[in-house]
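J.: Spelled out from the first residue to the last, the chains are:
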Amino acid sequence: MSTTTTSITLAKISMSPRKRLVMIGMSLVAIMSVTRLWTGFDNLTSSGTIGAALRLTVPIMLAGLAGLWAERVGILNIGIEGMMILGTWFGAFGAWKYGPWIGFLLAILGGSLGGLIHAVATIRFNIDQVISGVVMNLLAFFGVRYLSELVFVGQPQGGISQSPPQSFAIPKIDVPFLAGGPVGSSTTPDALGWLEERGWFIIGDLSGITRGLMSGLSLASLIAVLLVPLSAWVLWRTSFGLRLRSSGEAPEAAESLGVNVIRVRYIGLLISGGFAGLGGGFLSIISSSYYRQGQTAGRGFIGLATMIFGNWRPSGILGGAAVFGYSEGIKLVAGGSITGLFLFILIVSAIIGLISLLQRNIKRGSTAIGIGVIALIAYLTVTEVPESLTQSLPYVITLVVLATASQRLRPPAKAGVPYRPGGGH
Amino acid sequence: MSDTAVAPSGPLGKILTPSRASGLRTSGTTLASSLIAVLIALAISALMLFITGKDPVAAFTTMIDTAKNSDKLLEMMRRATPLIFSATAVAIGFKMNIFNIGVEGQYLFAALMAAEAGSHLSLPGPLHVAAILAVALISGAAWAGISAYLKVRKNVHEVISTIMLNYIALSFIQWIFNSFFRDDSVEGLNVKTTIIAESGWLPDIVEGRLNSMFIIALIVVAIFWVVVYRSRFGFKLRASGYNATAASTAGISATKMTVIALLLSGAVAGLVAMQSVLGETHAYGPSATPIQLGFAGITVALLGRNHPVGIVVAALLFGFLDSTSAQLQLAEVPNSIVKVMQAIIVLTVVIVNEAAVRRANVRTAERARAELAAGGAA
Amino acid sequence: MSSTLAVELRGIGKRFPGVIANYDVDLNVRSGTIHAVVGENGAGKSTLMKTLYGMQEPDSGTISVQGSERRFKSPSDAISAGIGMVHQHFMLADNLTVLENIILGSEPGRRGVIDMKQARSRVEEIMSLISSELDPDMPVSELGVGERQRVEIIKVLYRGARILILDEPTAVLVPEEVDELFATLNTLVSEGATVIFISHKLDEVLQVSDDITVMRQGTTVAETTPQQIDRSGLAELMVGSELPSPAGRTSTIGDNVRLAVNGLTVAGVEGRPAVDNASLTVRAGEIVGIAGVEGNGQYELCAALLGLLPSKGTVAVDGKDLTKASTRQRHDAGLAYIPFDRHREGLMLNAPLWENTLLGREDEEQFSRGPLVDAASIRSYTVDIIERFGVLTPDESTPAFALSGGNQQKLIVGRTLTTNPGVLVAAHPTRGIDVGAQAAVWDEIRRARDNGMAVLLVSADLEELLGLSDTIAVMFDGQITATLNPDDVTASELGSYMTGAHKEVTS
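Residue numbers (numbering that gives the first Met the number 0), protein chains in the order written: chain A, 0 to 424; chain B, 0 to 377; chain C, 0 to 506.
To be clear, the hints were calculated from the coordinates, so they are not data collected in a lab. Fair warning: there could be bad hints in the mix.
Residues from chain C shown here face chain A by an in silico Cβ test under 8 Å; the list is partial [unchecked claim]:
1) 74
2) 80
3) 111
4) 113
5) 205
No farther apart than 20 Å at their CA atoms in a straight line, the calculated lysine to aspartate or glutamate pairs in the EDC-like style are these [as the list claims (entries may be wrong)]:
6) B:53 - A:148
7) C:72 - A:148
8) C:319 - C:254
9) C:319 - C:331
10) B:255 - C:254
11) B:255 - C:331
Which bits of chain B does chain C cover? Going by a derived footprint, with three or more residues having C-beta under 8 Å, they are [stated by the list, open to error]:
12) 292–304
13) 354–366
Heads up, the beta-carbon is just placed ideally off N, CA and C, and yes, glycines get one too.
Go ahead and model the full structure; you've got the sequences and the hints to work with.
T.: Here it is in structure tokens:
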């Protein structure tokens, strides 16, 4: 039976997914609100938690963007972790010596250097992309130790695995009127804070969430988050972006239309390294004020995971990173509240389970119910989750999401496939 | 109708059969290119030292001096032992184009399990040791098995899953150790599991300097060689690595091979810390059990080109380099240069090898054509 | 229609190592016409078009476009001369939208920012020209095959092509899509464009073209029009009026059915099955040949028989039902395969020849000693194959990539035949093998057949097909459309069925 091939101009479907997303978002907030009221864990949606979450989201998001820019040109970048490490070191070095903005600049350059090495190895010398990435990580890890030994040892509070602390910081903003930020020299009312304190159903939560994004907001975070729409704009609205994406989707087709795929791939990896470096710089300049060995803690890889289940789109990466940021934020602000998350998971999976069973999707329904049962048991029995286990949360989440996400994903078609020019026909 | 190969005549011809000759040519190319790469890497390292204001000559002379010390040579072999296990584990996967980056998590998990299990057993000598080894093998394989399941059933790329499992292992191990396995009867900061009874100790070859685990490492590499290059299973493994499509067309199940390869890889990984558990500290502990050996194994495997002899040589080389760090400290050379050198060596070797192999293949094809033309028509 | 020539090729010749692809080719394409170039596999059509599109330079001959002689060093030269090519295998990025695929590399806009409005209006202009209603924002992956082809056509029109070359455009289309395509081509031609298209589907050629050039074995053999010739005449020109005569045989075909295929269906792209309810039987000592132009389901049929692709229907070897069996189990049951693509499916190029011989046979007793491989025995076995089948190689340790294609093929044939299979599925077994060795391979196949082996032979080489087969089944569009007797089939009959004529009920 052949499909009838109709070329109809469909009604623009772009409205529905967005509306759907808003609906899902609102339901999640509502469920979270219920959980908060039931358990009394106000921290679940407090501005403090959300503020921390934002700070924790940014490095992962930047790592994810780093992965995006690389895979969109067709090259796997497992070395993001290493490029982030370079970013943490060079960022801390620059910030310590010259101030935070120079620090960021050096962080980006440091990461790009890593990107360049990876590019030369994989494009010019055709090394296996995964091997090159893995070696990149080791090179960076030990390279910065050596650099530390040269530069930080002997400095106050410095050593082979730590840099001296920075003295200048990037200013933080509080939005006036909504979050009590100053206008001129007078303080303004903290409208959202007031609402948040009232703790009303949904309104209180929304206020908390919004205020968290508006108070104590670092300028750097703001700029970083703006890189998400900027990336999207460049990739989808400029010639450069189109040619870049085509190099990862169909390099032969691109080549046949005059695109210099090799050059585009080099540029993509430089940008990728730059993003990774920026993410690392964020860790050592904003999240803390010094470089420390192991600061990246696998965020490069988690970033890759957000790229995968963000479906290789900047918005998806932001969303995925936000999930990680939030879970780490909760842990940081009030570790005990994490049991509240069990209740949240219970409610969400119960709902998904019921809907799936009504839709006759037995497999998804039973899996969701199963998860709900586990969450229920956890909620009832666990009073305090041991620190060592919560540490593994982001990595477990990564695995779980990757394991379940396989179907709807759409990676760039030729990501990871080595390309030799002149290969088409 | 066929062409007889042009072979050297006389007794040399009998030893240097055409097949051996071509095999030697391949090894020769690899060896030569690796040596060149190492020299290039050393040059780059010297440059790095020079640029950052350190004395490359001092560094290298210190290293060479270290080599003259026989004690240091024993230390080289001692340090090489876990690297041999780690690299072999990685190489098993590489033969099938599977990247097991999770050796780190696998070996630490195995070390904890084996040490704890060993502390509860009381068996006569060899059996006790064998039991501990068995637990290590099984635990390593089990941890790798998670990645195998995720890859085969859920299509999760093994690079990400093994790396995630490394971090998860660290957490998981810390929790289990602190909650259940820690021996709190012993005072001090160096906490460990309960020390294993002496029947579970593996004796040293050279007292205090080199443990019998080194011999076991060599045996494992030898088994690796036999299995991968001589056995039927090894053939299937390598065939899947050569051309997965052709292998499955011929009936070799890609899924089965993937799972077995990962399990074996994990099992061998489980042995990485056994020198420490059986021969040195006789327990597991956060400060007692060495870390980072999983990643080191990857570099050794890459440097050794996933070949048994290469792995041993590379492990010894890296073991030697590691042993120089104390002397370098004394000579006022930052000893972290050692690790950087190792990373640079690996990168250059991989690059140079890739280029060399490509050129060698072109020459092999040309030589084949020439020999056929010279040998006359069919 | 005019009498000026849009394209004139004179005396084009092109050779590759060992093969003369084109010689003395003349082509006259009148402006504003649809000109069809027909011929079988290997007739040289694709090579000729690649030359015209600038993808390669001819060894001899001239190319003239609109009366002036041109030399094309690359496709860009051809494009600036107004020539655009729509390849048989589309060069599209699945995950990009229709619009993006069209404008890639020539995006309208200023300072790097794409002027979406301008792009869209340009493209919509072209779309309305050819009455296409594609949604420019739809990702190409969601398009049907016919629609993808439309995108490729728009791509070349967007770049100003006035002469369009289409390579086997209807090979992947269903009948409705074919009609739509022809409507488009007619519209283009009425606007003054010229269309050259390559095809082997004679009904369509006769339906839509103004002029027809027939190619056979590298050169042009006839220039004609649909008014002057009919289907069987064309088929005869394509295939040659003389078919190779089938060789006689002395042994008889056994009674027992060794291979029984029933209702085999293999899913394909876009909901069209690659193999559509195919049934056939092969008896002991019988060779059944599958005739057909490449791409009509032959690969999928063979792959399904070997268990490499999922399928519906049943497959049985020597009475044993193998429908649910794994590939290894099918090998063990006596099924053997000489693959279509020796590099992709058959060889480990970096491995020595003896390991290639061992592939799939490592568990056999004669090649193993317990869990180990008996290298000595497989090496000498390989040496025997090398001698018996004339594989030109320094020795059995030479890596497979060092051998020429023909010798690689000889090794594959040798290693497969020496397993003494019960049923051999062979896909152009002598592809790339020189004439002398070809005859030797055929003798080996015949000898095995005389000993009771059943053979399913897929081949585009008519000499091979007719010389070996006892029965010929024709595959077209995934279906077995005819069963013919090689002794009395005529060229035009065979050509007709291969190019889509319907359908004779199998006997």
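J.: Take the hints in turn and mark each one as holding or not.
T.: Evaluated hints:
{"no.": "1", "hint": "74", "result": "holds (7 Å)"}
{"no.": "2", "hint": "80", "result": "violated (16 Å)"}
{"no.": "3", "hint": "111", "result": "holds (5 Å)"}
{"no.": "4", "hint": "113", "result": "holds (6 Å)"}
{"no.": "5", "hint": "205", "result": "violated (24 Å)"}
{"no.": "6", "hint": "B:53 - A:148", "result": "holds (11 Å)"}
{"no.": "7", "hint": "C:72 - A:148", "result": "violated (57 Å)"}
{"no.": "8", "hint": "C:319 - C:254", "result": "holds (16 Å)"}
{"no.": "9", "hint": "C:319 - C:331", "result": "holds (12 Å)"}
{"no.": "10", "hint": "B:255 - C:254", "result": "violated (39 Å)"}
{"no.": "11", "hint": "B:255 - C:331", "result": "holds (18 Å)"}
{"no.": "12", "hint": "292–304", "result": "violated (count 0)"}
{"no.": "13", "hint": "354–366", "result": "holds (count 4)"}
Consistency note: the structure conflicts with the earlier hints numbered 2, 5, 7, 10 and 12.
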